[in-house]
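**Q** Required output: the full structure, derived from the provided sequences and hints.
Going line by line, the protein sequences match chains B and L. For the first sequence, my numbering gives the first residue as 2, with consecutive numbering after it. For the second sequence, my numbering gives the first residue as 1253, with consecutive numbering after it.
Please keep in mind that the hints were generated in silico from the structure rather than gathered at the bench. Heads up, the beta-carbon is just placed ideally off N, CA and C, and yes, glycines get one too. Hints may be right or wrong, so weigh each one.
[Stated by the list, open to error] When the alpha-carbon atoms are kept at most 20 angstroms apart in a straight line, the in silico EDC-like pairs for lysine to aspartate or glutamate are as follows: (1) L/K1322 / B/E88; (2) L/K1466 / L/D1379; (3) L/K1467 / B/D96; (4) L/K1314 / L/E1477; (5) L/K1385 / B/E88; (6) B/K92 / L/D1379.
[Unchecked claim] Listing some non-contacts, in silico: residues in chain B with all C-beta distances to chain L over 10 angstroms: (7) Q45; (8) Q46; (9) A63; (10) C68; (11) W87.
Next come the chains, spelled out residue by residue.
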Amino acid sequence: MMAGSESWRPPRECDVYWSEYKHCKRLWHRFHHYYTFGTSPLCQQWKDDYGACRDWEKTHSAHAKECLQESERKRVSEQRNVTPVWELREKPPADWHMPLNQDKSQDS
Amino acid sequence: MDQTKQQEEDYGYNLFPGRKKSKYKKGSIVESLFTFNHKCQAMLQFAVETSPYAKLLLGAMKNSGCTVYKDRHFSCEDCDGTVSGGFDATTSQIVLCQNNIHQQAHMNRVVTHELIHAFDHCRAHVDWFNNFKHLACSEIRAANLSGECSFTNELSRLNFGLNQQHQECVRRCALRSILAVRKISREKAEKVLDEVFDSCFHDHTPFGRIPHSKKDARFAYRDFESRDRYYANL
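**A** Structure follows, in structure tokens:
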């Protein structure tokens, strides 16, 4: 559900964007990204989002809001861009909370 | 599956003899004297309270309607061989091998690994016993997201590769897990892994990223805690 335009705020705190940017640029993270994907991470978007976030805080500009929303929607879309191997449930398993059987034989 | 095959396939339960019969009465003094049960319980408690990996998974499971209760959904037991743990879908329990987990960091990884299986069981119709693709997918995710394929862990295994070594580790760990619990040929297991690898390696739910380190996991947990604000303002 989308927040109304009057109550909208950036999806993340501005400091979160900055901390993600700094974390992304750190040598250890860059190394692990190469270790996993064989490429360097792309960190600039976090910095751009931080700038847009601060801009929105100061001016409440529609452009800053659109930039942030477009960037975050793209992140979500990339995360969801997988073809699931299994069918998702609509409800949790019925027996998740059922008590265990007490029929395991035990030494007294 | 015909009767002969059913008799041969034990789905890995032979590794967990405590699933059928406990040698000692649960909570007994004898159990505490002759097993590592108390140590396992203590390390488990510490893991669920302090590991950002575990806290995120527990939160995500609660969010999905599968609240995890330590006494109901975890069981510290003696296991065979060198296996560290398992997820028993028939009882919705995570088994922790108290005789094979002796360090907190190891406990943290095993808890995370098995919680990923439990999370997949909670959110999807995973056919653990009849669909190798489902089993392979969950094992890929567990190896990928639990931190067990980090650079330092691979170094400790004397694996010194750098370029995409994480992916090589995920394949290797997933293959080993499948072969440990199913009577399937290595060739068939590798073929199944290849079929699902791309999809499952890129499924980072509920982390939203591959948590290479505790800091990554803390950031992922921060995102999880703020998810209501995030999705409301997309």
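**Q** Does each hint fit the structure? Answer for all of them.
**A** Hint-by-hint comparison with the structure:
1. L/K1322 / B/E88: With a Cα-Cα distance of about 28 angstroms, the restraint between L/K1322 and B/E88 is violated, given a limit of 20 angstroms.
2. L/K1466 / L/D1379: violated, 31 angstroms
3. L/K1467 / B/D96: violated, 35 angstroms
4. L/K1314 / L/E1477: Since the Cα atoms of L/K1314 and L/E1477 sit roughly 12 angstroms apart, the hinted pair holds (cutoff 20 angstroms).
5. L/K1385 / B/E88: holds, 12 angstroms
6. B/K92 / L/D1379: It holds: about 16 angstroms lies between the C-alpha atoms, which stays within 20 angstroms.
7. Q45: Holds, since 17 angstroms exceeds 10 angstroms.
8. Q46: The claim stands: B/Q46 keeps its Cβ more than 10 angstroms from every Cβ of chain L (closest is about 14 angstroms).
9. A63: holds, 14 angstroms
10. C68: Holds, since 13 angstroms exceeds 10 angstroms.
11. W87: Since the minimum Cβ distance to chain L is about 4 angstroms, B/W87 lies within 10 angstroms and the statement is violated.
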